[in-house]
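Please take these sequences and the hints and turn them into a complete structure.
The C-terminal position of the sequence shown is numbered 188 in the working numbering, with every residue numbered one higher than the one before it.
Bear in mind the hints are in silico, worked out from the structure with no lab data behind them.
Mixed in with the good hints there might be a few duds.
To be verified - Just the calculated beta-carbon pair ranges, DEER-fashion: (1) 170 <-> 1: 30 to 36 angstroms; (2) 32 <-> 165: 39 to 45 angstroms; (3) 148 <-> 18: 34 to 40 angstroms.
Just so we're clear, the structure is a prediction, and the values are computed from it rather than from any experiment.
Ideal Cβ positions, reconstructed from N, Cα and C, are used throughout, including at glycine.
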Amino acid sequence: LVVGDATGHGIPAALVMAAARSMLRAVAQASASPGDVLSRANDPLVMDIPPNMFVTCLYAVLDPESGHLVYANAGHDLPYLRRRSSDAVELRARGMPLGLMPGMSYEEKEVVLEKGESVLFYSDGLVEAHDPQRIMFGFPKLRALVADHSEQESLVDSLLEELCSFTGEGWEQEDDITLLTLRRSAVR
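See below:
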């Protein structure tokens, strides 16, 4: 599972993301380690990406049978693990964005998703969205919404509804918004 975001907008950002995607796909065939994949993809990207650009990326590998999730982070916003206890925990792992500096290593962490637990992956467009008074949606609000989420409805739909309510009518989206939920089924 990979979630990423390139700096900038338009065609230059799309080309940078396409290069990063291709590099990650190529490197992933040679390694199952998220930290190793990010490290091996980084150096060629340093040479290919323009100096003022970079890619944030969260790379994870899930074993669906055991719920074992191994992940590494290249400067991307931290995913939230929603525990069954109605708590939201940040999944932290250190690492610089891809394409900034050669020779980077990426910390690898792991967690086990228990039945009924889920992880939210997202891009910064959500937390950086602002209301008419220019107040940002922010990480504390997102974490609280994830923790309080009812499993009866889609977390993504719930967050999008909350975002629309927060920003109000006439809001002009300034950045892309990516939301992805990974949930371990309670039935097994």
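Practice item. Enumerate the violated hints, using their earlier numbering and listing them in ascending order. Key: none
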